[in-house]
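Asks: As you go down the protein sequences, you meet chains A and B in turn.
Note that this note's numbering has the first sequence beginning at 1, numbered continuously upward.
Note that this note's numbering has the second sequence beginning at 553, numbered continuously upward.
No wet-lab data here; the hints were simulated from the structure.
Hints are supplied without guarantee of correctness; some may be wrong.
[Unchecked claim] Here are the simulated SDA-like pairs of lysine to any residue, each with C-alpha atoms no more than 20 Å apart in a straight line: (1) Lys726/B / Gly432/A; (2) Lys737/B / Ser503/A; (3) Lys943/B / Arg1006/B; (4) Lys56/A / Arg154/A; (5) Lys726/B / Arg435/A; (6) Lys726/B / Glu504/A; (7) Lys1018/B / Val947/B; (8) Lys726/B / Pro507/A; (9) Lys219/A / Trp298/A; (10) Lys737/B / Val496/A; (11) Lys943/B / Val1002/B; (12) Lys737/B / Leu499/A; (13) Lys737/B / Ala487/A; (14) Lys737/B / Ile358/A; (15) Lys737/B / Ile488/A.
[What the hints assert, rightly or not] Among the chain A residues that face chain B by a calculated CB cut under 10 Å, a handful are: (16) Leu456; (17) Leu499; (18) Gly545.
Here a beta-carbon is modelled for each residue, glycine too, at the ideal position from N, C-alpha and C.
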Amino acid sequence: MSATAVHSLWTTAATAADPISKIDAPKIEYGQLAPTLIVVGAAVIGVLIEAAVPRKSRYYAQMFVATVSLAAAFAAVVALAADGYATTKAGIAAMGALAVDGPALFLQGTILLTALVALFTFAERRLDPMAHGNRVDSFAAQAGAVPGSDAEKRAVKAGFTTTEVFPLLMFAVAGMLVFPAANDLLTLFVALEVFSLPLYLLCALARRKRLMSQEAAVKYFLLGAFASAFTLFGIALLYGYAGSMSYATIAQVVDGTVQDVTPALAGTMGNDALLLVGAALLVMGLLFKVGAVPFHMWTPDVYQGAPTPVTGFMAAATKVAAFGALLRVLYVVLPGLRWDWRPVMWAVAIVTMLAGAIVAITQTDIKRLLAYSSIAHAGFILAGVIAANPEGISSVLFYLAAYSFVTVGAFAVVTLVRDAGGEATHLSRWAGLGRRSPLTAAVFAVFLLAFAGIPLTSGFAGKFAVFKAAAEGGAVPLVVIGVISSAIAAFFYIRVIVLMFFSEPRPEGPTVAVPSPLTMTAIAVGVAVTLVLGVAPQYFLDLAGDAGVFVR
Amino acid sequence: MSFPLLTATAALPAVGAIATAAVPAARRTAAKWLALLFSLATLVLAIVVAVRFDPGGARYQLTESHSWIADFGVRYELGVDGIAVALIALTALLIPFIVLAGWHDADPLETGSRRWRPTQGFFALILAVEAMVILSFEATDVFLFYIFFEAMLIPMYFLIGGFGDRAHEHGEEKAATQRSYAAVKFLLYNLAGGLIMLAAVIGLYVVAGNFSLTEIAEARASGELTMATSTERWLFLGFFFAFAVKAPLWPLHTWLPNAMQESTAPVAVLITAVVDKVGTFAMLRFCLQLFPEASKWATPVILVLALVSIIYGALLAVGQRDIKRLIAYASISHFGFIIMGIFAMTSQGQSGATLYMVNHGISTAVLMLIAGFLISRRGSRLIADYGGVQKVAPVLAGTFLIGGLATLSLPGLAPFVSEFLVLVGTFTRYPVIGIIATFGIVLAALYTLVLYQRTMTGPVRPEVAKMPDLRVREIAVVAPLVVLLIFLGVYPKPVTDIVNPAVKQTMSDVERKDPQPEVEAAK
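Isolated chain A, as found in the complex (with noise of 0.2 Å):
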């Protein structure tokens, strides 16, 4: 079977791919790239909040504008995906910079959504306790106030809150609603510093524990700034490999479909060295960023220090950015190199189920915890990345969907759970949380049996969809050790479990804050998805099947 047969499983040619051989005026699809384009513009009005809207108003300002234009924004998806865009219309847009097909409208579906319940918990504002008379959110006061100053005194005193969070956000989202549907690399990078960016800031804003929170955005800040580094340079010798950006065309030259040599690039083009090192560097910052392993040592830091709402929404919506991405390289890119690249994503995988399973035993804290199980995590969507057949892509999708829902909600309980200090995130303080309040104990175990895979919840199904791909694309001993490592996992989770329900509460334990209809809300969709997706997952299945193929 030659190559190009074997990749025609997963991709199907587009009707307009002619390279950009001279400069013409852009002809840019409006309709098509209507998601990215609300959000951005939602994004640069929410600056402009800032500017012209009195300080008292723009909470509630922001908060229209991000939660409209979220939910415009999804529905702009869902016209395009019923308009057939995901599957028989599938095609590249704005020049040859984004691809808008099954998998990029999926996950751009599943990004709003989870941006739109993160919202939420972003506009809480009932969990601390009043400063001064003003109701707080989780984020500074002022971000510019050094913690512990009168500066800081002074802002909490007169009622700050640090609503530029919601532009921020904004920003990030419509990052990551591009950075899965790049179809070059330099877009690619480009959506990458733009999500990345202003979620560096987003860690740095925790209202208690700023110093922590200001630590967590600098290792984030300075590892991301490493990984972006080695993606540009890989970025940089593809380009020398290839002479091209554009996903087709480096995919054609590693193919050796494509003859004609870039005059300027002569030197270069067709070197293997160049190929190898630029793929390389390219996926190893896609790794970096869903936090497989080696590239995982920002996680928990990151997640621990970061705001609960901002952690949430990271672990959520970042990993299914970054899969999408990497799903999209190593799929339309370098299908070429699959022989290659197979046997390194084995051992990353392997490595990464294993270590993040068992290093999730020995943590004391809530968040830490959750870090590692992302990282767990990360390794069985990985199982499905390998699979490379199209059950691997829809499978990814799927788990995609129901993992970030999942984290979502995790972290929104995380936020409930409160003594004077803020969060109480030490997992000695959530002893005999389930007799103080059965209800809020009882979520957060619904969400913890679906991380740790029990049947009928959606966790299950995710674990079962890219496990059976996996199996399906030969790699049997991969889904061995995925079951042996949720086995591993499910010893952390149920301790959890075990912790909450059987542990004799402590008298100076903390207490659950009610919050406001938006974390409510927020949760309460966690578990709605959560067990919608475990009971009935077939028409989501369906969706991410026929999402399941990339367009060249």
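Please arrange chain B on chain A, whose structure you already have, making use of the hints.
Replies: This is chain B only, laid out in the frame that chain A set:
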């Protein structure tokens, strides 16, 4: 479309679980009655299932089939054969007694939070387990079975970890620690088994392309579906491992003594008499049907492990100082007999094993529930703390003796028939193993009679002098079960009639490719 009887049988306790859980905190007595009502209604439906089932008819009856997750090839497929009917009846029969026996086990000691409702939770969880157990007996889709096989761990886990004996020799703090240890051990063992089975389930899908037991079995019979020998063996091992943990088979048994010791007596009965039966049942239904060649390949090893279970469990039972732990090890010994009967691959052996599942359920329930009543009176689980109880509480002692005699398979009581069948069935093909297994009975006599002698006979100890005899509620629990033990001991035909055709079919699945003469030899 006919009335979905099987779905209803499983759905009724599930609805009951939700209804019970929803009862307000102050109305806990209403919750108990509601749970009892639902369990009795389920029993009625189970009886209807047994009556509607025609032993001479098709292999799977009362079937239901609906599409569920087409992407995974999963269907909602239910159907019962004789073995399943017998076990569903056992389950539905035992649950009302378990509910009744555990009437006061989950009353809150102090009224803490108004929203903390342990009583409602306790009975709701029992009904939830019942629903899942019944569904796993009914499922003829491997995936559907797997889901309930796994999901029932969660309510079981909360039952073990959340509710323990009131009286604990080391105080409440230590008791809670030991309980949660037992619950976690139970969950991890079974989850590990289940996840290994998951790998095999995925493997089966890759090989067969769907999960329907009937379709796969047919395709294998017609030669449409062939498996490489090594594939079949690996898949068999994946399935068998999970069932052997659940059953439990030596050396995967160590969670059972902990779980039974720490949970309340009704929950201990639920574990050993109901939930564990899913393991042995699944060996018959899935291991033998799906992987006949591999089953035969593995038989020698499994028989030896079963033999070790019989002897080892019995020996350890002799040495126990804790009443509930003793019964747990006795159960391990009995599960050895059941597994031996299944894998002896003779029709007597398998009929005996199925009958054994039913009888062991009833006899263990009697023994364990009375032990629970005893323990709740004295506040200790240690054998050494008792003595002379028969003078103070003759009814309690008498029924306890009957339960004990049933455990040691006295002729005239139900377990004798099944144990005899298993031993005969094993002997005809594996005489040595049959002979060694007989020593298990001798040891059983030792541990039950010594238990009775130490606790019930001798001088009355001052601590038990004021011990009340069985109350009305407790007699209502014990008496029907004792009657049933005697009835099935004298007249086991109702059960064997239902079971035998199914066993013959299972036999023909396994023996299809190399007929053995042992059935004639046994006649």
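Asks: Look at each hint and say if it fits the structure.
Replies: Here is what the structure says about each hint:
no.	hint	verdict
1	Lys726/B / Gly432/A	holds, 16 Å
2	Lys737/B / Ser503/A	holds, 16 Å
3	Lys943/B / Arg1006/B	holds, 13 Å
4	Lys56/A / Arg154/A	holds, 17 Å
5	Lys726/B / Arg435/A	holds, 18 Å
6	Lys726/B / Glu504/A	holds, 12 Å
7	Lys1018/B / Val947/B	holds, 15 Å
8	Lys726/B / Pro507/A	holds, 19 Å
9	Lys219/A / Trp298/A	holds, 7 Å
10	Lys737/B / Val496/A	holds, 15 Å
11	Lys943/B / Val1002/B	holds, 17 Å
12	Lys737/B / Leu499/A	holds, 15 Å
13	Lys737/B / Ala487/A	holds, 13 Å
14	Lys737/B / Ile358/A	holds, 18 Å
15	Lys737/B / Ile488/A	holds, 13 Å
16	Leu456	holds, 6 Å
17	Leu499	holds, 9 Å
18	Gly545	holds, 6 Å
Going down the numbered hints, you'll see the structure goes against none, and every one checks out.
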